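Engineer: Residue numbers (the numbering used here), protein chains in the order written: chain A, 22 to 378; chain B, 22 to 378.
The hints are simulated quantities; they were obtained by calculation from the structure and are not laboratory data. Mixed in with the good hints, there may be bad ones.
Since the list gives no way to pick one copy over another, a pair counts as held whenever it fits inside one copy or between any two copies.
Said to hold, decoys possible - Within a straight-line C-alpha distance of at most 30 Å, the following computed DSBU-like cross-link-like pairs (lysine-lysine) qualify:
#1 242 - 99
#2 233 - 99
#3 330 - 246
#4 330 - 270
Bear in mind the structure is a predicted one, so any value in this text is a computation, not a measurement.
This is what each chain is made of:
There are 2 protein chains.
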Amino acid sequence: MLNFTVGPVMSSQEVLGIGAQQVPYFRTPEFSKVMLENEGLMNKFAKAPDGSRAVFITGSGTASMEAVVMNVFGGNDKVLIVDGGSFGHRFAQLCEIHQVPYETVVPEDGCSVTAEQLAEYDDMEFTGFLVNLDETSKGVLYDIDAISDFCNRNELFLVVDSISSFLCDEFDMEKLNVQVMITGSQKALACPPGISVIVLSPKAVERVYSRKVRSMYLDLKAALKNGERGQTPFTPAVGILLQINARLKQIEAGGGVDMAIVRTAAIAADFRRKIRYLPFEIVSKSLSNAVTPLHPLNVSAYDVFTCLKDEYGIWICPNGGEMADKVFRVGHIGCLTFEDNDRLIEAFGDMQRRNLL
Amino acid sequence: MLNFTVGPVMSSQEVLGIGAQQVPYFRTPEFSKVMLENEGLMNKFAKAPDGSRAVFITGSGTASMEAVVMNVFGGNDKVLIVDGGSFGHRFAQLCEIHQVPYETVVPEDGCSVTAEQLAEYDDMEFTGFLVNLDETSKGVLYDIDAISDFCNRNELFLVVDSISSFLCDEFDMEKLNVQVMITGSQKALACPPGISVIVLSPKAVERVYSRKVRSMYLDLKAALKNGERGQTPFTPAVGILLQINARLKQIEAGGGVDMAIVRTAAIAADFRRKIRYLPFEIVSKSLSNAVTPLHPLNVSAYDVFTCLKDEYGIWICPNGGEMADKVFRVGHIGCLTFEDNDRLIEAFGDMQRRNLL
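Just chain A, same shape as in the assembly (with noise of 0.2 Å):
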């Protein structure tokens, strides 16, 4: 099958290799080193401030989405989060969750919420920002520039999602002044899921550490104390971090994130030229690197979906609710050739003439 969906996406023939091994028992210098390495090339592509931790957490982007809330945010804070899909939305219901107060800004349909929308939160005694950068559920990229100024005219705490765009779309924490990132093990990180990953600016680490938490596995301080010396609390998904740790050293030596970005623009760029002339809307007016929402001017989008898989051996990204017959997605993250959209465009040529598109 060929992949284009948002996750699990497409991984190299050598993170597939460490598949095929043993997992080793990881209560060992040998391991310790694999994290640490794992935590110093993530802090290096999340383009970090000195002192940044990162950690890795055994659980889908939704548990460390909880974690953050937890471990950042209490009570006493007031948080502005973007609710433009399903994951800003998620964020507003861990908010409802942990009890944190919060207001939401929505941003028009297919868009980036913009700075004007953005100065009518101004001087609103708000303490902290939560976005997913790239909001996947809609292929949305928000206007981080916007974001961060505001953040920083208001003195904000900002945590990014950035689940779907990192390693697809620039990205600089220290630039931005972004004290957490968040990402997981299978979007362009081209892992098998199961492992998702928090940095956090030495700001973010300090507030860990003076906050209690109602959880166990949750509690950050735990996973940055185990960190410090390459080990992790609890049994982590062992094959996936060594897998994680073969990808980030062949970005590195494939010239590092600036390069994956352009890698997966290209890929994107190639995709959607391809498209023009095919029956189909971009859905989104700014669009992520990571992926293209298509709306199928003709038929059902779900019908699309299963067609491609179960006719042409091709995986897209189907959307859920009430937006499954308007809307598919199409991936550029993973192991993807130009090739590649080549069998997808010609997948979509010969539905077309089968009048199924």
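Model the placement of chain B on the given structure of chain A, informed by the hints.
Structural biologist: Below, chain B alone, put in the same frame as chain A:
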């Protein structure tokens, strides 16, 4: 490396073969079918009563221990915990964090809690009981019949963490009147770590649905609800779930859970017979088939671990904390053979000749 730890353990070639393949997209009927098979076989192997449910949490065993404490007990409960090692102690910490009133019963070192000890807690208004069937840190298997009797006559809701005991020691949820059983992917399931499994009796399912928990990721209502259609609320460790599927079917084809236990018991008995003339003391008086805890009479236990790792290509399982120098453990789970036991015994023999044992 030859792996005699208690997790991660060695996987079969079939399981490793799945690790070598691309991880598929999972919001599909195909993956739902796999998950429903997983649930059915887990219920079957746990000998769970009709109408039981199994949920798969992407996280370590501790994530599931915490989820269970949160989802089935509350401030109106009073639970008794067998605190005979670090995992029993962890249940106590979890009750502390989640404000579940509890008391602990501490067995004699290296021994099971006894019927006589438990009788002292009769008629004391307990509502629940938490036990790690095999206290993995000490290699002590508790007397589950005595525990079940105690719970039955006091009408306690019995939760059993079988993380290292599942598929190793006889266990029958229905007969023992166990309401919740927990295990993990990296123990006798012999898959990579990253997934823990919770089997819930109909009574436990009802209790989960009746309670509100302050968590999104560890809210079992969402897992149960999504599980009805073979899905998970968040992106799971898809690859490991496919490996679990292969492994559960392997066990089924090989004679089911009873034969899996026979196999583990034979590996354990073979090892214990072969070490009779070596300078070790078995420090548990109530052994699980999963693991043998050994005190080397003449040298540091941690030095034995390091020497076997660095000079013989063999991992045994070190103990942590103050036990590190006194005790190591030899696991009997995963794809081990009698010949593997011989290799370890030969290494011990060689170390003895070198005055390292």
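Engineer: Now tell me, hint by hint, if it's right for this structure.
Structural biologist: Cross-check of the supplied hints:
Both within a single protomer and between protomers do residue 242 and residue 99 lie at most 30 Å apart by alpha-carbon distance, with minima of 23 Å and 28 Å respectively. In the homo-oligomer, the alpha carbons of residue 233 and residue 99 lie at most 30 Å apart both inside one protomer (18 Å) and across protomers (24 Å), since each shortest distance falls under that limit. With identical chains, the CA atoms of residue 330 and residue 246 are at most 30 Å apart between copies only, with a shortest distance of 26 Å across copies and 45 Å within one. Proximity of residue 330 and residue 270 under a CA criterion of 30 Å is satisfied inter-copy only: 26 Å between copies versus 33 Å inside one chain copy.
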